[in-house]
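Undergrad: Residues per chain, in single letters:
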Amino acid sequence: MIDTLVRRKGTQDRRDGQEPARTRSVPAAPLALALTVALLAALTAAVSWGSTSVPAHEMWSVVWRRLSGEAPRPGTDDLIVWQLRLPRALLAALVGAGLGVVGTAMQALVRNPLADPYFLGISNGASLGAVAAIVLGLGTGGALGLGLSGAAFAGALATFALVWAVARRRGGFAPLRLVLAGVAIGQFLSGFTSYLVLQAGDEQQTHSVLFWLMGSLSGASWPLLAAPAVAVPVTLLWLQARARALNALIMGDETASGLGVDATRLRRELFTLTSLLTGVLVAVSGAIAFVALMVPHACRLVVGGDHRRLLPVSALFGALLLVVVDIVCRTAMDTQELPVGVVTSLIGAPALLYLLDRRLGSGS
Amino acid sequence: MRIEIENLHVAYAGRTVVSGAGLIAADGEITGLVGPNGSGKSTLLRTVYRHLKPVAGRVLLAGTDLRRLSPVEAARHVAALPQERGGDFELTVREVVAMGRTPYKRAFAGEDAADRDVVARALADVGMEGHTGRRFTELSGGERQRVLLARAFAQEPDVLVLDEPTNHLDIRHQVELLALLRAGRRTTLVSLHDLNAAASVCDRLHVLHDGHVVASGPPREVLRPALLAEVFGVRATVVDHPLTGDPLIAFDHRAPADGAGIPLSAPGDVLGAGPGRSLR
Numbered sequence: 000m001i002d003t004l005v006r007r008k009g010t011q012d013r014r015d016g017q018e019p020a021r022t023r024s025v026p027a028a029p030l031a032l033a034l035t036v037a038l039l040a041a042l043t044a045a046v047s048w049g050s051t052s053v054p055a056h057e058m059w060s061v062v063w064r065r066l067s068g069e070a071p072r073p074g075t076d077d078l079i080v081w082q083l084r085l086p087r088a089l090l091a092a093l094v095g096a097g098l099g100v101v102g103t104a105m106q107a108l109v110r111n112p113l114a115d116p117y118f119l120g121i122s123n124g125a126s127l128g129a130v131a132a133i134v135l136g137l138g139t140g141g142a143l144g145l146g147l148s149g150a151a152f153a154g155a156l157a158t159f160a161l162v163w164a165v166a167r168r169r170g171g172f173a174p175l176r177l178v179l180a181g182v183a184i185g186q187f188l189s190g191f192t193s194y195l196v197l198q199a200g201d202e203q204q205t206h207s208v209l210f211w212l213m214g215s216l217s218g219a220s221w222p223l224l225a226a227p228a229v230a231v232p233v234t235l236l237w238l239q240a241r242a243r244a245l246n247a248l249i250m251g252d253e254t255a256s257g258l259g260v261d262a263t264r265l266r267r268e269l270f271t272l273t274s275l276l277t278g279v280l281v282a283v284s285g286a287i288a289f290v291a292l293m294v295p296h297a298c299r300l301v302v303g304g305d306h307r308r309l310l311p312v313s314a315l316f317g318a319l320l321l322v323v324v325d326i327v328c329r330t331a332m333d334t335q336e337l338p339v340g341v342v343t344s345l346i347g348a349p350a351l352l353y354l355l356d357r358r359l360g361s362g363s
Numbered sequence: 000m001r002i003e004i005e006n007l008h009v010a011y012a013g014r015t016v017v018s019g020a021g022l023i024a025a026d027g028e029i030t031g032l033v034g035p036n037g038s039g040k041s042t043l044l045r046t047v048y049r050h051l052k053p054v055a056g057r058v059l060l061a062g063t064d065l066r067r068l069s070p071v072e073a074a075r076h077v078a079a080l081p082q083e084r085g086g087d088f089e090l091t092v093r094e095v096v097a098m099g100r101t102p103y104k105r106a107f108a109g110e111d112a113a114d115r116d117v118v119a120r121a122l123a124d125v126g127m128e129g130h131t132g133r134r135f136t137e138l139s140g141g142e143r144q145r146v147l148l149a150r151a152f153a154q155e156p157d158v159l160v161l162d163e164p165t166n167h168l169d170i171r172h173q174v175e176l177l178a179l180l181r182a183g184r185r186t187t188l189v190s191l192h193d194l195n196a197a198a199s200v201c202d203r204l205h206v207l208h209d210g211h212v213v214a215s216g217p218p219r220e221v222l223r224p225a226l227l228a229e230v231f232g233v234r235a236t237v238v239d240h241p242l243t244g245d246p247l248i249a250f251d252h253r254a255p256a257d258g259a260g261i262p263l264s265a266p267g268d269v270l271g272a273g274p275g276r277s278l279r
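Residue numbers (numbering that gives the first Met the number 0), protein chains in the order written: chain A, 0 to 363; chain B, 0 to 279.
Stretch by stretch, here's where chain A covers chain B in the computed footprint (C-beta under 8 angstroms, at least three residues): (1) 42-55; (2) 64-74; (3) 81-88.
Just so you know, the hints here were simulated from the structure itself, not pulled from any lab data. Keep in mind the model is a prediction, meaning the values are calculated, not measured. We put the CB at the ideal spot given by N, CA and C, even for glycine.
With the sequences and hints as input, model every part of the structure.
TA: Right under this line is the structure:
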């Protein structure tokens with residue numbers, strides 16, 4: 000008994016000066032509900048606020064008319080709400096949710112809580128595809144047309160095939176080998192992209208290329224929403240069905256095997272799925288930095304590492320974050336719009352440093 | 000349930016590591032696997048918990064080839080405690096233990112009362128019930144192993160497979176962990192580095208050397224000086240433990256068995272002989 004007390008005390012001493020032992024006190028269901036309400040509020044704000052503000056009730060009446068099939072009231076409100084801001088707000092929510100989900104899955108795939116879907120070179124491939132399309136004149140004007148997205152997705156698919164071929168060893172993907180192959184191929188492709196940017200014919204082209212590379216939601220339109228509107232929920236459901244297997248996977252492949260989970264197969268499926276979703280997200284919004292890294296990380300601090308809770312909470316928080324960030328991007332400066340990737344980098348980099356510091360400080 | 004391993008050949012990283020191993024882990028007994036580094040202990044165990052697929056030979060669980068079961072079915076019978084430690088993913092002690100329920104749950108299924116019961120019992124069995132909300136990665140080595148053992152218990156297995164469970168633990172935590180294994184009275188297959196621990200805890204021992212089982216039997220029959228010299232390359236004598244009566248292996252830590260000109264001498268000679276004498 001005394002020994003036990005002494006041992007307990009020793010454990011306590013080691014933790015002195017750090018946070019006390021935490022019990023996860025935030026239940027996931029109420030948190031998810033709160034996030035959903037916040038997301039709806041943020042979406043309302045995103046559609047109402049801007050250079051011309053539309054009162055919330057006006058906005059909802061426009062949406063209601065459209066949804067119920069009534070003829071839209073002619074005027075600028077309908078144009079602003081239905082054609083411009085609503086698709087953009089929804090795109091922000093979908094892309095944010097997708098980044099949260101794909102980040103969570105990628106971190107389990109390579110068993111590294113600081114991994115990012117852009118590790119695997121997929122986004123570099125998508126960027127190369129998109130930039131090639133712009134510079135070679137395949138894109139439609141300055142906006143992110145569907146042709147541009149198609150080129151980006153094609154680039155993502157080609158890169159996925161390449162990384163797959165290079166990283167595959169004995170039918171599976173060892174996490175480290177996958178990351179090394181992805182980073183190397185990604186750098187290789189981004190060299191090409193830089194070369195193409197230098198070859199861009201005029202300033203307008205260079206500008207649209209840079210804007211796209213930094214990640215932007217300004218190309219939003221209803222047709223552009225279709226791919227993420229399918230890909231994000233499908234991926235989330237697929238992952239949610241395997242949430243327990245993901246928990247086993249982060250403990251190690253042998254642990255997974257012992258629990259009846261085929262780690263090799265699961266990792267193969269995860270790699271395919273995260274690559275496809277990353278391709279879709281980058282194709283519609285460019286490579287938005289840090290969201291996929293930060294969102295799962297932040298959510299883990301609140302609800303813990305169990306993927307059954309982490310996946311839906313990451314999706315909701317990612318959606319909320321990107322909708323809010325996009326409001327900032329549209330309204331922060333009077334004269335021009337900020338690319339959303341600039342703002343996520345400005346928020347994400349210090350947040351990452353904080354998390355790294357916390358991780359190293361905890362001695363684990 | 001009893002495990003029989005028949006003529007097992009396993010290749011790992013392109014190299015044949017286990018070649019023709021055969022052994023039996025009897026029902027309710029603790030069966031120990033000992034052998035020098037690289038002798039194939041981990042590889043053999045990985046085949047039992049189905050992480051590796053044998054090139055030839057079979058692992059039988061109560062007479063049924065394990066490979067004929069689905070991974071999930073196999074995991075309901077055989078639970079593993081591998082050597083890996085996992086990444087830092089903010090999992091709590093309870094979440095790690097609850098993972099043991101994985102082979103019993105369908106997609107999307109939540110935890111029911113029975114699951115919570117099993118998890119609580121597993122935590123209590125290893126004495127970690129007061130630590131459920133702590134982060135797994137901030138535990139000490141001994142606590143961590145106990146939590147992983149609880150996860151294996153939560154799997155409600157018939158057979159426990161443990162790969163060097165006492166590695167990196169201080170002596171007290173080693174003793175605690177091995178006591179937990181003895182208390183379980185499950186069919187247990189465990190690899191151990193510490194031959195004295197193996198001699199005390201295991202009902203039967205199998206000695207692996209270069210992928211072959213070179214000796215099997217009760218510890219006292221297996222752990223003889225000649226075998227220790229040949230397989231482990233050490234000079235040792237085996238005496239009775241003054242406290243427990245178990246076989247106690249006293250090693251000569253000064254020179255290996257194949258050291259030039261050092262004769263294998265009688266037990267009484269061991270301490271006095273060897274090149275280190277002038278230092279005393």
